[in-house]
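S.K.: Each chain, letter by letter, is given below.
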Amino acid sequence: MTRLFIMWPFIQLGLTDVWRHKTRSLLTMLGVVFGVASVIAMLAVGEGASLQARESIKRLGSQNILLSSEKPPADEGGNANAQQGRLTIYGLLYDDETRIRETIPGIELTVPARMVKRNTRFGERQRELRIVETIPEWFDVVQRPILAGRVLKENDLRTHANVCVLTAQGARELLAAKEIIGQRIRIGAGMFEVVGIVKNDGGGSVRTPDSEADVYIPMTTGKKMFGDTSSRVSSGGMEGERVELGQIIVRMTAVEVVEAGSTAIEAMLKRFHKKQDYKIDVPLTLLREAERTKRTFNIVLGAIAGISLLVGGIGIMNIMLASVTERTKEIGIRRAIGARRSRIVIQFLINTCVLSIGGGLVGLMVGVLIPFIITWTTEMPTVVQPYSLALAFGISAGVGILFGLYPAMRAASLDPIEALRHE
Amino acid sequence: MKTEHLHPNADEVVRLDDVKRYYQVGDETVHALDGVSFSIRKGSYWAIMGPSGSGKSTMLNILGCLDRPSEGAYWLNGVNVAEMEDNQLSDHRLRNLGFIFQSFHLIPELTVRENIEVPMLYLGLSHGERARKARDLADRVGMSHRLRHLPSELSGGQRQRVAVARALANDPAVLLADEPTGNLDSATSVQIMALFQELYEQGKTVIVVTHESDIAQYAKVNLILKDGRIASMRGEGLG
Numbered sequence: 001m002t003r004l005f006i007m008w009p010f011i012q013l014g015l016t017d018v019w020r021h022k023t024r025s026l027l028t029m030l031g032v033v034f035g036v037a038s039v040i041a042m043l044a045v046g047e048g049a050s051l052q053a054r055e056s057i058k059r060l061g062s063q064n065i066l067l068s069s070e071k072p073p074a075d076e077g078g079n080a081n082a083q084q085g086r087l088t089i090y091g092l093l094y095d096d097e098t099r100i101r102e103t104i105p106g107i108e109l110t111v112p113a114r115m116v117k118r119n120t121r122f123g124e125r126q127r128e129l130r131i132v133e134t135i136p137e138w139f140d141v142v143q144r145p146i147l148a149g150r151v152l153k154e155n156d157l158r159t160h161a162n163v164c165v166l167t168a169q170g171a172r173e174l175l176a177a178k179e180i181i182g183q184r185i186r187i188g189a190g191m192f193e194v195v196g197i198v199k200n201d202g203g204g205s206v207r208t209p210d211s212e213a214d215v216y217i218p219m220t221t222g223k224k225m226f227g228d229t230s231s232r233v234s235s236g237g238m239e240g241e242r243v244e245l246g247q248i249i250v251r252m253t254a255v256e257v258v259e260a261g262s263t264a265i266e267a268m269l270k271r272f273h274k275k276q277d278y279k280i281d282v283p284l285t286l287l288r289e290a291e292r293t294k295r296t297f298n299i300v301l302g303a304i305a306g307i308s309l310l311v312g313g314i315g316i317m318n319i320m321l322a323s324v325t326e327r328t329k330e331i332g333i334r335r336a337i338g339a340r341r342s343r344i345v346i347q348f349l350i351n352t353c354v355l356s357i358g359g360g361l362v363g364l365m366v367g368v369l370i371p372f373i374i375t376w377t378t379e380m381p382t383v384v385q386p387y388s389l390a391l392a393f394g395i396s397a398g399v400g401i402l403f404g405l406y407p408a409m410r411a412a413s414l415d416p417i418e419a420l421r422h423e
Numbered sequence: 001m002k003t004e005h006l007h008p009n010a011d012e013v014v015r016l017d018d019v020k021r022y023y024q025v026g027d028e029t030v031h032a033l034d035g036v037s038f039s040i041r042k043g044s045y046w047a048i049m050g051p052s053g054s055g056k057s058t059m060l061n062i063l064g065c066l067d068r069p070s071e072g073a074y075w076l077n078g079v080n081v082a083e084m085e086d087n088q089l090s091d092h093r094l095r096n097l098g099f100i101f102q103s104f105h106l107i108p109e110l111t112v113r114e115n116i117e118v119p120m121l122y123l124g125l126s127h128g129e130r131a132r133k134a135r136d137l138a139d140r141v142g143m144s145h146r147l148r149h150l151p152s153e154l155s156g157g158q159r160q161r162v163a164v165a166r167a168l169a170n171d172p173a174v175l176l177a178d179e180p181t182g183n184l185d186s187a188t189s190v191q192i193m194a195l196f197q198e199l200y201e202q203g204k205t206v207i208v209v210t211h212e213s214d215i216a217q218y219a220k221v222n223l224i225l226k227d228g229r230i231a232s233m234r235g236e237g238l239g
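Residue numbers (this note's numbering), protein chains in the order written: chain A, 1 to 423; chain B, 1 to 239.
Among the hints, a few may not be true.
Simulated coverage check for chain B against chain A, where a stretch passes if three residues somewhere in it have a Cβ under 8 Å from a Cβ of chain A [to be verified]:
id : region
1  : 57-66
2  : 94-102
Below, a list of computed lysine to aspartate or glutamate pairs in the EDC-like style, where the Cα atoms sit at most 16 Å apart [what the hints assert, rightly or not]:
id : chain 1 : residue 1 : chain 2 : residue 2
3  : B       : 133       : B       : 114
4  : A       : 329       : B       : 109
5  : A       : 22        : B       : 109
6  : A       : 270       : A       : 128
Since the hints were derived computationally from the structure, they do not count as laboratory data. From the three backbone atoms N, C-alpha and C, an ideal C-beta is built for every residue, glycine too.
Please put together the full structure from these sequences, using the hints given.
M.R.: Shown next, in the form of structure tokens:
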């Protein structure tokens, strides 16, 4: 306490020094301001992006394995898979699901789904929406909260009921502001009753099994009504695709068996599919990858921020060296009066710390403001992390001490006799 | 302690024993001081004179504890300066010496009061103590009406008065003045020398280093240096 009391006049001295050279101090501080602000802003943007990615991966469930059909690359000179006319046949099969469920250990359940684009109509409104033909367990596996009504039931499947569940986005597009539950909408050739609405959210960078505006119908109803073949008119005439299952979600009993499960599934699919017409996504692996990417990102970011703070620090050092030369005489006077070297070091160090900590504080404010503006203008999510504030501020103070030390030592090492003679 | 044991007379505030100071300039050794011995009693008033190149500046630096003798011993207030390291030397200057310079050497950014407070600051006095002492000292040199002024707002004589107040701040054993009237006109010089006389009469030990004989006349003892040795030493109260 007494030490601080003794220090106070020197801190005051540092503050007055800074205030006396306002323009110079301000310019010197700018380096640190930008350094600190960029650290915080970049970390906030990076964290926002990776948080979004991780959220969407997590939503897929870390116990899940995601199999999806993928159109294989068109191969030259005929084809191995059956192709009749312009009908392309590829993708996951009903048999695949059965085989996986019955032979691979550690599986809790499998959820098949078919995705087709169909014209959907309600009164005058008409949209082409993605129809997801699936089973009730889907909603459990992808964790869609119910907003209104109910989701599909086992009974709907058994009775081939003409019912559908919409996502909030789909409901908005199709039905606008009207009473939704109980309305009948036309999908393709059939009429369906809307029984429920679930929450939707954007996929982000990772491919999720659903899109924003989906219509869910019982798988059995879909198969009876639409079959497995979808066709559309293209420039070359009719073009058809035959895909049995668009997607199979496999939920394992525990996180520990996910990797073994996915290896086994891959081996099995490889045996039964001549072409690579499927894709396996393991959210757990994606999550780990995302975390790895984030780490790399943080290292790169840290390096950039470090460099900018370094530049700021060099700026401070430069100014302080000039200041030492400018104040050689004052140093001589103080030394002659009886100031120890350490007092001179402290005086100059406080001066630099005022600059760097002052710059750090301003940078802190700017750094918090930038992500706010980014989110406000681009709707890109940003997360200002408390640790980044502490980090950036700590580094700026550290830079002040580190780069202030050399000029301060130089000031203190001046010979008082020489310094007094300096003009 | 050895040095204290060796100290011959507690009444002597300054004592030099065969002090030599030489510099290496290229291959040559320059003897700025070549065996100087004298002692100054407490409460006396000395002038050290000599032409340029006589070793006067070197003597000032050694007396002022800014430099150490190459050989010999220098006791200031009972402690041998020759054996001190830098921090002790700084502390010794702070407590036992009051410097007065030819060009005043006030810190231009600080007010009169703040300038007077600088030595007290390094001694660790509290804010209240510093303010009170600074007022007293300014009063003593007749500057109490200018406490809030900057040095640039003062005349040369006024600046030197502030410098004297600063030199007195920690109640030093010796006041050491280097050409204190060198930058002043003759009328102001007389005033400053009158201030020194006053301090001497109050019991302060005053050493003035000068090349002007009319300034030296104010002192009670005149020591003349030549070629790094004492050429003559005259005055009252010499042992």
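S.K.: When the hints from earlier in the document are held up against this structure, which numbers fail?
M.R.: Violated: hint 6 alone.
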